[in-house]
Amino acid sequence: MDIFQTVVAKASGITADSALASVFSARADLMELTENSHEASLRPKSPGGLSHAERAGLACRMAKLNNDSALVTHYESLFGDGSQSLADTSFDGGSDARLKAIIRHTDLITTKPKEAAAGDVLALQSVGMNDPDIVRLSQLIAFLSYQIRVVHSLRLMAEVA
Amino acid sequence: MSEILKEFTTVVPFWEPRVKPVVLAEATPEQLEAMKVTVSDTKIGNYTLVLALDPETLQQRTPLFNGIMFHHGGLSRAETEFGAVAASVVNECIYCAAVHANRYNQLTKDESVMDLIFADRKDANLDDRQKSMLNFSTKLSQSPLEADKADVERMVENGLGLDEIFDLTLSTSIFAWANRLMHILGEPHPQP
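Here the protein sequences come in this chain order: Y and E.
All residue numbers for the first sequence refer to our numbering, where the first residue is 4 and numbers rise by one.
All residue numbers for the second sequence refer to our numbering, where the first residue is 43 and numbers rise by one.
Excised from the complex, chain Y in its bound form (with noise of 0.2 angstroms):
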């Protein structure tokens, strides 16, 4: 894998001349992991109840709501059928009680994860989730979080460098 070529490089903006590249391929073998991470979460080979779309729709509000213009971007060429509402940060889920659940549950842990409480689980099941679809959506969400905050510290060092 040329990890230049990966999601985070590319949205932090490191390449192979930068003068964070060292530092960059000192980890090459945590950043592969990463961007298997990042395929296991998007584009699992099974998804479960959570369309590729919708993955890729909710990555793309999460990355909003962390004002990450990059990965918005990049989200957006994942996008499918029914990405685009998820993403857009004013849509609450209307009048379908599963993705009202989901995009609660998303802007919530993704933002204040403190919160969190057993009544947010509950929620989610009480729509008719069931428990590894809910374990695949933490696991989506937790990602974003943790890829958030490696490229926006990249972009930081990359400044100091």
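Some clues are possibly wrong.
Selected chain E positions facing chain Y (in silico; Cβ < 7 angstroms) [claimed, not checked]: (1) 61; (2) 65; (3) 66; (4) 108; (5) 109; (6) 186; (7) 208; (8) 227.
Since the hints were derived computationally from the structure, they do not count as laboratory data.
We treat Cβ as the ideally placed atom computed from N, Cα and C, and that holds for glycine.
Knowing the structure of chain Y, use the given hints to seat chain E on it.
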């Protein structure tokens, strides 16, 4: 069931899942494969059995997590744990904070740093190097955009290399991830 723990502690709690973990005897080959790469080879905990409900992400996440926490070179093991604790304090993930404060204390044989962070959080009165790390990890954890160039420069001025800052970034960020699993999919209780 006992009360959910709300206060920071270095005594590792019992983690009670809110979803039904995989039953080991019924695990699919893919789930077994994903769980196999876990470092803990003595017994498979509830946390791993919960994450095995989505084996594809677990398969990648376990080596990533272990690689970040047990890397070679760069930031010391103890200061890598420091990043994990800083994130877990912001996110109030009592379980993660306990596990990693405990490891920090074992590695450094000094409980005062974690005591100060648990009591005063971002305002903990540490030495200048650790203050600059706590400042950065706290901001990155709260909302990434709060961290800016000056926060990175402050760490450089206090002797951190960019390789170390990258490692601190990774340990802080992998706990943005871990906290959003542990604190959501289960809850901490006193050990029975």
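Per-residue hint verdict: residue 208 of chain E, partner chain Y, C-beta under 7 angstroms
Result: holds, 5 angstroms to nearest chain Y Cβ.
Less than 7 angstroms between beta-carbons is the criterion; does residue 61 of chain E satisfy it with respect to chain Y?
Since the shortest Cβ distance to chain Y is 4 angstroms, the answer is holds.
Does residue 108 of chain E hold up as a contact with chain Y if the rule is Cβ-Cβ below 7 angstroms?
violated, 10 angstroms
For the hint on residue 65 of chain E, does the least C-beta distance to chain Y fall short of 7 angstroms?
Residue 65 of chain E check fails; min Cβ-Cβ to chain Y is 12 angstroms, beyond 7 angstroms.
When the least beta-carbon distance from residue 186 of chain E to chain Y is tested against 7 angstroms, hint result:
Holds - the Cβ of residue 186 of chain E comes within 7 angstroms of chain Y, reaching about 4 angstroms at its closest.
Holds or violated: residue 109 of chain E as interface residue toward chain Y, Cβ cutoff 7 angstroms?
Given a least distance of 5 angstroms, the restraint on residue 109 of chain E holds.
Restraint outcome when residue 66 of chain E is required to lie within 7 angstroms of chain Y by C-beta distance:
violated, 16 angstroms
Restraint satisfaction for residue 227 of chain E [CB to CB of chain Y, less than 7 angstroms]:
Holds: closest Cβ of chain Y sits about 6 angstroms from residue 227 of chain E, inside 7 angstroms.
Violation of the numbered hints given earlier is confined to hints 2, 3, 4; the remaining hints are satisfied by the structure.
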